[in-house]
Every structure is written in C-alpha cells, then in structure tokens.
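Asker: Okay, here's what each chain looks like letter by letter:
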Amino acid sequence: MRKGSNVGKVIVVTSGKGGVGKTTATANIGAGLASQGHSVVLIDTDIGLRNLDLVLGLENRIVFDLVDVVEGKCRSFRQALIKDKRFDNLSILASAQSREKDAVKPEQMKKLCTELKDAFDFILLDCPAGIEMGFKNAIAGADEAIVVTNPEVSAVRDADRIVGLLEAAEINSIRLILNRVKPGLIKRGQMLSVSDVQDILNIELLGQVPEDERIVHSSNKGEPAILDARSKAGMAYRNIVARIVDPATPMVDPQTSIWSKLRRVLTTDLGAQVG
Amino acid sequence: MTGSYESLVLKGTRHGLLASIREDAEWSLLLCELRSLSSGGEGFLTDASLTFDFGWRELTENQFDQVISALHDQGLTCNGILSTSLNTRTIAEERGYRAIIGRLGLAKHQGRRMRREKDGVAELKVADVPETVIASSKVESPEPIPTPQLTPPVLEDSFEVPSDHSIEEVQEESSQEAPRIEDEEPTLYLRKTLRSGQKVVFAGNVVLLGDLNPGAQIEADGDVIVMGQLRGAVHAGAEGDRTSTVIASSLQATQLRIADRFLSVDKKSSFFKKSTQTGTLRARLNGDSVVVEALR
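First to last, the sequence lines map onto chains A and B. For the first sequence, the working numbering assigns the number 1 to the initial residue and increments by one for each residue that follows. For the second sequence, the working numbering assigns the number 1 to the initial residue and increments by one for each residue that follows.
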C-alpha cells in the first residue's frame, strides 16, 4: 500500500481562524500527493462540523467515522476509511456529524496516528478552527504542521497564536500557506504582502495560493482544484505538493505573469550566451 | 502557625496560599519545615492548597515527589508551581501540576514590591494583602496571617511561556553571575519570539532577544528591553516604579505602559512614524506623560 520505506508523516493543517481554507488545502494537498503515487489518508478532525468529505465528493460513502474508530465500533480503522473515487491510494476518515469535540481524546488521536503511520506515507489532519479541544486533538499526534492563513490582519494574528501553541506542543516543523492572495490589491498596498505576513509569523513559507473563483466551483462539485489544469490555485497547490515531497523544490510565485517569466527565461538565456 | 520559617515564605493571596522557597535554603531544612506546615501553630493550614515558587532552584524528580508527599501527609495539596527551570516545570507537569515559567523572588526580596490588584487581569496575584502579613523570619512584625481565601490561583494558559533549553541555559547563567541591575532586581532573559496570546509577567526586568508580536504582552516590575520588533503591549514598572523604561530596537508597540501611565499608540501618530524611522528608542516617564526618545 505504501510507496516509501520510511514511517509515514503526520501533518496537521491548521489556522486558528475559520474560513481561511484549511479543508480546501487539505483536500488539494491530499489529492496532489495521491496523484504522485503516495499513499495518503486525510482525517477530518472537525467533529460536529464535518465537510472534508463534501469537498472531495465522498459524502454518500460514509459508513463509519472517526468517533466510531476511536470508540472501537468498527473492527479497525481500515473499515472506516473511504476510498477516493479518483485515486486508489487516497482515502479519508470522516468526522462524526452528530457528536461533540470531546468525543475524542488527544491520547486516542495519538494512538490512531501511530497506527496509520505504518500504513500510509502521509496522514493529513484537517484541524477545526479555534484553539480548544478540537485543536488539541488534531495536533496531538502530528509530527509537522501546515498553518494556513489569509493576508488579513485578523487571520495573521490568529495564525501567530497557533504557531505559539504549536511551538509549545513541540511541533518543530511549522510551515505556512498564504491563501487567497490577491496580487492586484497587494500592488496597490491594500492587502498585506507576503513579506508583511512573514515579518510577523517568521516561519518557513511553503507556498502562496492566489484567490481563484474556480476553487469555489470545484469545492462545490467535490473536485479538488489541483486536478484542474487551468486553475491558478491548482497550480499553486501542485507547487506546494512538490515542496512537501521535496523541500528543495523552488517556490513558484503566482504573482509573476507569463510575460515576466518569459522575459526572465530570455534574459538568463541571453546572459548565458553572452557570458 | 508561628509564621516563621527559615527556608520559605508563606503568603496568603486572594487566590490562595503562595509558598516562596528560598533559593539558597538547605533541602533537608526545607523538607523538615514543609512537613511541619500544618503542625506549626493554630493549624489553619489544614486542607489548604499551595502554589510553590521554586525560583531558580532545580528540583529532581525525587525532590518534587518529596514535596508532594510532605504536603499529602498533612492533608495539603499543591496547586501548581512557578519555576524558571525547564526540568523542574517538566517534572511538575508530568505529574499533572500546572507549571509556570517565572519567579516572584519574594523569598529574597520580601515585600519590596507588591503586586497591586489590577482589574480584569486573571493572574497569580501575590500581594493582595498588606506587607505586614508576610510570614517570614525577616519581617519585623510577625502578625499571624489572616485566613486566606482558598480560591485556587488562576494559572492562565496565556501565562505560560514555552521555552527551550537554550533559554534555560541563559537563565542559569544569569542566576549565578549576571550583575544585578540596580537594587538587585532580577532579570529574565528570553531568547524567542513572543507570539499572540503569550504573556510574560515578571517581578524584575525583562530582556527579550526576539520579537514581541502583536497580541503578546510583557509585564515587568522593572525595565523592559526588546532586542527585536516590539509590536505587542508592554507594561514596565508594573508595580509603580516610575523610573522604569522601555527600550526597543524597533518600537512599534500597540500599547505602552509605564507604572500608572499609558500611551496608546495610534498608527497615525507621530510617535509611530518616528519610531519606525529611527533605530533604538527609549520610552520613559517625564512627569505624567510617556516620552519616547532616541537612545544614543
């Protein structure tokens, strides 16, 4: 089932503030990793407000959920995993819709993550908003964290709080996805720029995702944008996935237009010839 | 209770009893005195819950367990601890006790500075009672401690400052050799970024080697020095010392308080503009107003 020989990685996708795009990021990164042949499991830890399954279009397949697994209502976690329609090596573990956050304990999450590590290359945890029980559950078993934020003062402030809590929980690899970037607004000085955000958070930038209207449509359809070749956000997520697999991959700046890229290619080529 | 111990200072606060352990006290003496807490006198220390300030002292697991069992034998419980040692805090946390970074230093500087009650701030308040009630061999008026109200101290989540070993090392050094600034006020070194929601309260000076992000707070009885971007809220001279200053290599504080005065900073104000342009700035009290000047 697994591609790599090492133990799998548990990555929590978190933000503090709600609505910044955690679930969309989890779904896209998961689909992207799976499309590259890695075995991936996505866990929706937002108990009571489940929606990761919707974004992937898997709602009608849920039989068992996260709470059933930790409570031992199904034989093993394998029985509760829902296989994705597009990729055999992508599955999700849905959260319970009719329960509360305290239905699961951090130790139970930790144990589950340890079990899953042996079976998958990547375990992505979609964390609920907030810093309460749901957050504590989600980070309990995580080795690494991806903090999603938007270029807004409130989202950045919450992300800063989250980074502080992650550091306190001794999660040392914390990387940032800046979502919903509007290059036009940044150029006019009306939106926080990437460097403004980095100035405060001071953590490694994994990638930036431009605002993309297509992503609303793809989420509603249950088709991750990363599979849409024409989507700008999808392109950004493909770069992010490449950087998760190999951190040495250079970051693509979505703000650079095709013309500036062409110019750069031409000038570097010319420069090489002249030199 | 006779109210006089060699190795510790007991203090009733609005939130419960605080036991400050003298950092230079012999361990055997301390244990002996801890074991006699309830038999010391009138015996009001039955069923009490204590918060310990161990200060710089490093406790071994065994020592911590000795303290807890000494309390247990007398029907006392431990509410949580204050310690600047990561090891000690970890030991306490492993056993399910709340542990906070910091030291109030009361056992050394008894009653020198008292925390005054501040509205709406839920934190460990150590001096809601007059100075004279400190039970210590060094205090002149050994009046009995009035029965404290035993509500547990609120050890806020935001109170905790997670730190790593490197910080601890710096702290150890400063405990042994660092010259004490002016009237022996202790100085807390922190080498990290203080992020939103994190708060440091310290009875002394605070030196932060790192940024103070928006939403983070430092409250110090003495001076505050930030070698980094100061974007959060700072209160220097929290006990009322009007000579306290705030020094930062980049002063963009959202709120700046010195003793009982404060300067709420508007991004449009000239102060903000000036501070973003010039380098290291110092804020101090001139009369009743906070002034900010370039530090040369």
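These are calculated hints, taken from the structure and not from any lab test. Just to be clear, a hint being listed does not mean it is correct.
DEER-style ranges, computed between Cβ atoms [what the hints assert, rightly or not]: (1) GLY279(B) - GLN97(A): 28 to 34 Å; (2) ASP73(B) - LYS83(A): 55 to 61 Å; (3) ASN87(B) - ARG230(A): 54 to 60 Å; (4) GLN97(A) - GLU293(B): 55 to 61 Å; (5) SER36(B) - CYS74(A): 54 to 60 Å; (6) PRO247(A) - GLU93(B): 48 to 54 Å; (7) SER289(B) - GLY184(A): 42 to 48 Å.
Here are some, though not all, of the chain B residues that point toward chain A, as calculated from beta-carbon distances under 8 Å [what the hints assert, rightly or not]: (8) SER196; (9) GLY197; (10) GLN198; (11) ASN213; (12) PRO214.
In this text, a Cβ means the ideal position worked out from N, Cα and C, and glycines have one as well.
Asker: Hints first: check each against the structure and report whether it holds.
Answerer: Cross-check of the supplied hints:
Checked against the hint of 28 to 34 Å, the C-beta distance between GLY279(B) and GLN97(A) comes to roughly 56 Å, which is inconsistent with it. ASP73(B) and LYS83(A) have their C-beta atoms about 59 Å apart, which keeps the hinted 55 to 61 Å range intact. For the hinted restraint 54 to 60 Å between ASN87(B) and ARG230(A), the CB-CB distance of approximately 56 Å keeps it satisfied. Remark: the range hint 55 to 61 Å for GLN97(A) to GLU293(B) is upheld by a beta-carbon distance near 60 Å.
A hinted range of 54 to 60 Å for the beta carbons of SER36(B) and CYS74(A) is consistent with their spacing of about 57 Å. For the pair PRO247(A) and GLU93(B), the supplied restraint of 48 to 54 Å is violated, since their beta-carbon distance comes to about 33 Å. In this structure the supplied range 42 to 48 Å holds for SER289(B) paired with GLY184(A), their Cβ-Cβ distance being about 43 Å. Checking SER196(B) against chain A: minimum C-beta separation of about 4 Å stays under 8 Å; hint holds.
With a least beta-carbon distance of about 4 Å to chain A, the hint placing GLY197(B) at the interface is held under the 8 Å criterion. With a least beta-carbon distance of about 5 Å to chain A, the hint placing GLN198(B) at the interface is held under the 8 Å criterion. The interface hint given for ASN213(B) holds, since its Cβ lies 5 Å from the closest Cβ of chain A, which is under the 8 Å cut-off. The criterion of a C-beta within 8 Å of any C-beta in chain A is met by PRO214(B), whose closest approach is roughly 6 Å, and the hint holds.
Violation of the numbered hints given earlier is confined to hints 1 and 6; the remaining hints are satisfied by the structure.
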